[in-house]
Each structure stands twice: as structure tokens, then as C-alpha cells.
Amino acid sequence: MSAFRVADHGLVDRARPLRFRFDGRDFTGFAGDTVASALLAAGVRIFGRSFKYHRPRGVWGGWNDDPNAIVDIRAGGAVFPNCQATTTLLAEDMEVRAVNAWPTAVRDVKSLLDLGSRFLPAGFYYKTFIWPDWHLFEPSIRRMAGLGVLSDEVADDFNATLIHEDCEVLVVGGGAAGLTAARAAAEAGRSVLLVEDHAALGGGLLGRKAPIEGLAPGDWIAAQQDAIIAAGGRVLTRTTAAGVYDHRAVTLVEECGIGRAPIVRRVRPERLVLASGAIGRPVTFVNNDRPGVMSLEGAGELLARYGVLAGKRMAVLSNRPDARELAQGLEEAGAEVRVFDAVGARAEAMGRRQVQALRVNGESYDCDTVLASAGLTPTIHLWRHAGGKLDWDEARQAFVPGRGPGWMRVVGAANGTYDLGTAMGEARAAALGQPAPERGSYALPKLRPDSTLKGRQWLDFQHDVTVKDVALAVQENMVSVEHLKRYTTLGMAGDQGKTSNMPALATMAELRGKPVAEVGTTTFRPPFTPIPLEAYCGARKGTQMAPLKRLALEPEHRRLDAALGEYGGWLRPAWYGGSDQEPAVARECAMARGAAAIMDGSALGTIEVVGPDARAFVNFVYYNTMSTLKPGRIRYGFMLSEAGLVFDDGVMACVSDNRFIISCSSSHADAVMAHLENWRQDSFDPSRVHVLDTTQNWSTVTIAGPKAAEIVAELGVLDEMGDFPHMSLKFGRFEGAEARVARVSFTGDASYEVSVRNDIAPALWRRALELGRAHGAGPVGAEALTVLRAEKGYILVGKDTDGETMPHDLGFAAPRLKKSAAFVGDRSLHCENANRTNRKQLVGLQVPEGAGMLPIGAHIVALKDGKRVSLGYVTSSHQSPTLGRPVALALLAGGSDKMSQEVDIWHLGEMRRAQVVSPCAFDMEGERINA
Amino acid sequence: MQRFPCPFCGPRDEREFHYAGEAGKLRPDTTQPISDADWAEYLFNARNPCGETREIWVHIPCQEYFVMQRNTATMDVGSATSVRKDLA
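Protein chains in written order, with my numbering: chain R, 1 to 931; chain U, 1001 to 1088.
Pulled out of the complex, with its shape left as it was, chain R reads as follows:
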């Protein structure tokens, strides 16, 4: 048995020792220990260094109120930074490392910083590192500050399980009040869920010896748990109610041990009984941050839960009327204890690295531990999350729940009711929806920090905020607590002010000569304890968040050794034949221009608009006049946002007067669908026009090139090709099923899109390839298509357009001037901004003979008043195998007036030249497309 471990106390399993390391040294603890309790049992006092001054820090609190003992833990091949040593359960083979300390917590080289601390008051950095620029200093300052270190060793599959939970009554806290409330509600027939963040139920009862309702405390706790379960209730331990959100949503986070992601439950209880207890409040005295100064309540918890005595010779410094009673338990466990009244005491902790004595009013008492308590602070965080108000209770010297949401009741110590019998009565009443019983009086002597004392008195242990810092803030008129917090960083440490808030408010009240109630509190925000971000997303990341859309023809592409890539959410063939990209794309481009490209066009969005008002609808949602489109004909057009900006482009086919088929960008189909649905329900009679996304119902094989017409004719889908001009639509059959053939082009060559049902698409694809082979045609992927369309100056919305582009910037000015019917975005095309002549317009850029490709994103620049300004930028840039030179598209201010001019192009310090040309670099007369 180690020096500080006491027999017959605690819930740890002494038959199961666990080996672990701390700062390179070997230690042994027991199953049920936390990292902190195991180290304290072994006599470790210094756990780490503070954030700013690198002062030695020991354990202050017994549970999640501890601001000091922050450690990095390596377990199972991964590093978990910034773990609370007081709440992290010990596991075999853990490697624990103190944070913000090098080489170890005991000997930290940066502790010299503390010697200069009077030159580093609150706001020091803001005031000092202004000239010439804070950003020059920031990196080194940031390196000096901070706690845990991120590691490359991250845990794989650290995915929280997310569960939607259901209950009528949620009880938060498994102490006497929580157990009583849960049992009463369960036995009254309500579905009850009780959550407790410790591994064991019982709360403060664990340190009690006197019987409750005739039972020993341990037996009473077990009896309540059995009764709750027998009545159909449920109990979850290691589970923290981390936050209350809108509409009664409560997040419960269940710890599953180091290295394993938590289980996150969301529940909307009809009622919540908050029995979250209270935490010990630090006493503000000189050098109260020394390792060895601990929370009196925390020391009690250490003994009760882990059988660990905080020290051998202790001083208790407290204003609590029951301090002597609390000290007695520690005495019985073997400690030597002397109690000092904190009221009016001029106290100072002596000792350099850790406490060696406590000096009170000039008298020195040798001790290794000072147990301090300025009373209890009710844990009312969830009450505040839910919008509950707080009232200052002068007798209790605490904020207690005031007005608040009717669905939540606060009971027991969380309500400032510290008497066991009354707390249980309160809990029972809350569970049954009855009015709270009267409670007896309670008086805690008022304790205020003495700001006249020499020496530093610490308020926020982790962030190194002292009484003097608060005084400085007040002197500089930071009198709002929210300003105080941000100026001094008080309460912004990992514990979010659980310990520091009340002493700071008391200091502020004292300095300003105002009651604490007038000073007020800062906002309480969820989460109550630090929660890993993974807990919120769970498995909703990567493809679980945004599943890839898969093509019906994907097995066909794989058979052809396609390089598959993600394009706008679709997994599509980038190129074929398994070789490198560049030669493959060049070969496919040559094939497309020389014979024909056979492509999978299924990813293109296909939306049908049907109904008697379909024609009026499409005319309204398109920039272009669609009302005159005849059955069997196809028209290219833009959809705009109401601000007149290009939202999507594509072709639309008219099947009949009440059926239209819209093709939209493949990555944009969902957004287009939502846009159309919005206007349909807002401005049309939804019973007379319907919009259907049929993208996934069809597969499309696109055949484009000089030999395309011959291949399509041989396919036999159409009885005869007949008169089939560019931008028209025909229906045929393939394997007995309907087939649609649309003659539209995105390559600049004659091009046919053949669409059939998914199940017969592989047969169509194979037939097309087989017939195509005789003509020198073959499969072509998305990369080559991007080059082919860029040669023609065909845009990709979102790539060649930006958040300012209007259709007339792309050379489509006619509807703006001529279309008389109303359409989405119409009026915006005539505002001052739309009429500017220096709008960014689509142009082509041609580099000098022999020059290489322009980088995408390179800026076209000019000198203005001696300064280089951007006139626009390169949006697409490709090496054209057809032309044997680079082609590029750009958005350029006033571009249409700059044709044939030379421009300067700047990219990452390098200057290039190019000539402004038409966006279309290939077959400018369009002879091939109509061939």
C-alpha cells in the first residue's frame, strides 16, 4: 500500500493493479482510479504548469471542477491531448505526460517566465506587441503558451455512436437527490432516465457514515438503484448531461474509456430534474495556487471514491460552518488536521514548489496540504443553458436558481439545499410535479478577498489570473464581467470558470464596492465539460456525410481500366486505359476530334417539368425565352438567381406542350431541383405543374464526333436518322424499351445523347463501343471532355463564372434586352451594377508561340496610380492536343472591349503575357457541330 492510500476507504479494486507511466516514471494504480487519484496516491504533487507563467500546478478539485491537472495521454497507439487527470479513468499501459512543461512538470525550463510575471500583467501582449505588427510576434508567443500538443498519432475509427433517446423524466445527477427523484418518478409510472457522470452512483453520500432511512449509505444507494430499475427506469453512469439546447434538447455524453469514442445520446425529456450538486469554491489567499492547496470537498471525494488521502498533515482553511465535521473524516482516515477560520484571515501558503506551511495572521503551521473551501457553488449550468435565471442568495453566498423554464426543476445542493432530508423532499416533490417544500435556513459567513495583501492571490489557476489583474481591469474600466473575462482571460480555461468565476466576482464586487448580485455572472454556454468534436459528428463524415453517387455503368468503366474520380459528387471515369493522365487525355481528345468520343453522360442532371402550366413555368425560371420552344426541339439557356446572377446553365428539350426535360450541371442537380421547387410552390399552382428529378432513372451514352451520326445510325435505336438537326430530340427503342436521343453538344462536334433505362444501359454501352471501334471511336473520360469544351469556350458554371457573373457577361445579352415576359432575376439585370461597362466578362487568352499553360487563378493585372491591381483571373486552362497549344478562359474586367489586346498576367511573383481572344478557339464558324 502506497503512502497516501488508505485501507477500508474508496471504491477502487485493489485486486486489479494497473501499470502506467507519468513523465517517464513508472507507477501503479488500481482499477477504478483516475489518473489523478493514482498519482496522488503515489505522492505526486506537481502535475503540470500553468498556461502563462509556467507555475507548478497540482490537483485542485476532485472531479470535473479541477482546472490544473491537464495531461496528454498516449494509449493504444494514439495520443489524446488535454485530458483532465481528475476525470480520466486509469487504464493499463497508459503513458501520461504533463502539458506545457519541458522536460517534466517538476523541472520546467520555462518557469523562469514566472520571475518576470510582474512585467506580464493582463493585457500585456495587446499593449506591448502592437508595433510594428502583432503578427510578427504572434507565432513565438503562441508557441510559449498553450497546453497539450497535437500529435500525428491519431486514433482511427474514433467515431462516436449517436443515439436518439426517449424518456419522460430525465434526472441529472445520481446523488441522494437524483436517486430520490428518479425513484419517485419511476414508481409513479413515468419513464425515467437517470444520468451520473461518475462511474459510481451516490455523490456526496459516498463520504457519509451515518445511516439513511435505516440503511448504511452504500446499501441505501444500491437499494435506490434497484428500485429505479425495478420500476422500469434506466440508469446511465459515466454519462454527462453536457448541454441543454433549444426545444428541450439535452445532449448526454457517455465516456467509454481512453481511446474509445463516447456514445452521444440526444433526448427531449418532458421534464428534467437537475440534481447536479455543488462544487467547492476556492479561498482567495496569497500563493493559493501552490501544489498542495486543494479543494476541501475534492479531498473528501478523493478519500471516499479512491481511498486516497490528499496529505498527511493538513490545514483546513474555510468559512464553512461544517468545516470541522468535514475535517473529522480525514482525521479518522489518518491525517493530522488543523482547522482555520478563513473569515478575516490574512493567509499565505509557504513553500516554493509545493506547500510546506500555512501562515495565518502571522502564525505559521507546518503542513503538506491546505484544504480550502469558501463554501459551495451550486452547479446550475444546465439551468442557465435552458434560459433559467439566477438569484443571489445572500445567506448562502451563492447564485441559486430563480425564474426559469417550467419543464426543469433544480433540487438538492444544485438548488442550494444542502440538508439531506430537505434535499430528498425537494427531489420527491420535483419528480411528482408538486410544489417544493419549505427549506430551513442556512448561513454561510461572507468571505471577500483582501486585495490589500502583498503577494499574488490566484483566481484562475490555469490561466494565471490574479486579484491584481482584476484590479487592473477595473482600473481600466473593464467593469462588465464579460469585459473582465475577455481582458484577463479569466474563466476561459478548460474548466470554463467552474472554480474561478465566483472568487473573481467576489473580487470585483469588493473592488467596486458593490454587491455580487449587481456584478452579475458571465454567460453559461454548453458544453458543461470539454467534449471531443468527434462526439458531435459521430460517423457523419466523409462518404457517410456525403455519399458518392455511383453510375449504373461503373462496372463497365472498371472493365475498361478507367481511372475513376469524384466530379461534383459523382464517381466518374476520368480517363481510360490505366495509363498516366496526360497521354491518355491527349489520345482521347484526338480520338474525339478524329472519329468519335463515346462517353457516359448519365451524371448530367435530368429534371422533368410536367403539367398544363409547364410551359409558363420554364419560361419564368429561364433567362432565355422558352415559351416559343417547339416539341422535338432543344434550347440552351441560363437559370438565374433573383439577383440576376448565373445559377446554372444547360439545355432544355420540349417533348410536348406540357412536358419539358431540363439538363443541368451534374454537380448542381439537387440545388436546381430545390430552386425549381421553390418557385413552383411560391409562384405557381402546384397542382398544375410538377418538377421531378429523374437523373438516377436514366443512363445516357453520349457519342460525339465526326463519326457520331454513323455510329448512332448503326445502333438502330432510331428506325431512321432522317432529318435530325443540331438541338433536336427524337424517341426510339432499344431492346424493346423507350430510348431518347438528343442531339446536343458539349464538345463542339455533332453529338448524340442516347438515354435508356439503367438495366439495359450496359448493353447499349457495349454495342456503342463495338460499333464505334470500326470507326476508330472509343471511350472518353471526363478529363478529355473538359479540354474539348474549353477549346470551344463552353463554360462550366462555378468554374468559369463567379458570384458576380450575369448572363450578358458571358455574351448572352439578347434576352436581357428583348424578353418581355417576367423571369427570375429580370429586374436585377437592369440595375446600376448590371450596366457597368467594366464588368468581368468571359474571354479567351492566348499565350505567345511556344509558351506554356497559364496557371488557373493567375491574375490579369494593370498598373493604377503606381499600384498593381487585378482586372480578373484565369478560370480554365488546358493544353489542347487538337490545336497543339494551350487554351485558357478568363473573367476580365471590360473584356469584350479588350479583344486582341496584350495583357499582363501575374502569378506567385511571376509575370506572363497573353493576348485577349474569343473564348472559342476551335471551329469558330461552328461547321462541325452542324455537320
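Heads up, a few of these hints could be off.
Distance ranges between label pairs, derived from CB positions [claimed, not checked]:
id, chain 1, residue 1, chain 2, residue 2, range
1, R, G926, U, P1033, 35 to 41 Å
2, U, A1046, R, R836, 22 to 28 Å
3, R, K541, U, Q1063, 25 to 31 Å
Because the hints were derived from the structure by calculation, they are not lab data. Backbone N, C-alpha and C fix where the C-beta goes; we use that ideal spot for every residue, glycine too.
Assemble chain U onto chain R, guided by the hints.
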């Protein structure tokens, strides 16, 4: 996480909904002259009141657009009616 009532599907989590605009904002007849100021008022200016509001929301899974009454200060949610019924 708020809970909103879709008139078609019933109460669902907030994340299934998108905000679509303030209710009662009528699109001007763009075949008639409209001043820049009037158009800007329609396009950009929102009252964004603190308290009771009427807003249009859409329930993404079923694509129902509806008018929802809610209080932006208390987060209380009142009635929800389909846009089409509201216009009729």
C-alpha cells in the same frame, strides 16, 4: 436543436429544414417599371424582427414549403401552414 412542424411530415429536427425567406414578401410585377429602391427592398431588405415572425421554410426531405409562425426571442414555434394553402 429546435423542432419544427412540417405540415406534411409532422415534427422534425431543425437540421431537416432550410429557411426560405420572410413570409408576406410579394414579388413585384417585373413587367411594369420598378424603381431600384423598390427592387432592392424586395431583394435584400429583411425586417428581421426580435419576437413574433412569419417565415417561409422548406422541409428538405419532402420539399414542402410552408409558412411558420415563431418567436425569434423565445424560440417558441406556433402554427405551420403549407404555402399553397396560405395563398389560397
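Report task. Kindly confirm whether 35 to 41 Å is satisfied by the beta carbon distance between R:G926 and U:P1033. Result -> Hint holds: Cβ distance 38 Å, inside 35 to 41 Å.
Report task. May I ask you to test the hint 25 to 31 Å on the CB atoms belonging to R:K541 and U:Q1063? Result -> holds, 26 Å
Requested in this report: Look at the Cβ atoms of U:A1046 and R:R836 and judge whether their distance stays inside 22 to 28 Å.
Outcome: holds, 26 Å
In this structure, every one of the numbered hints holds.
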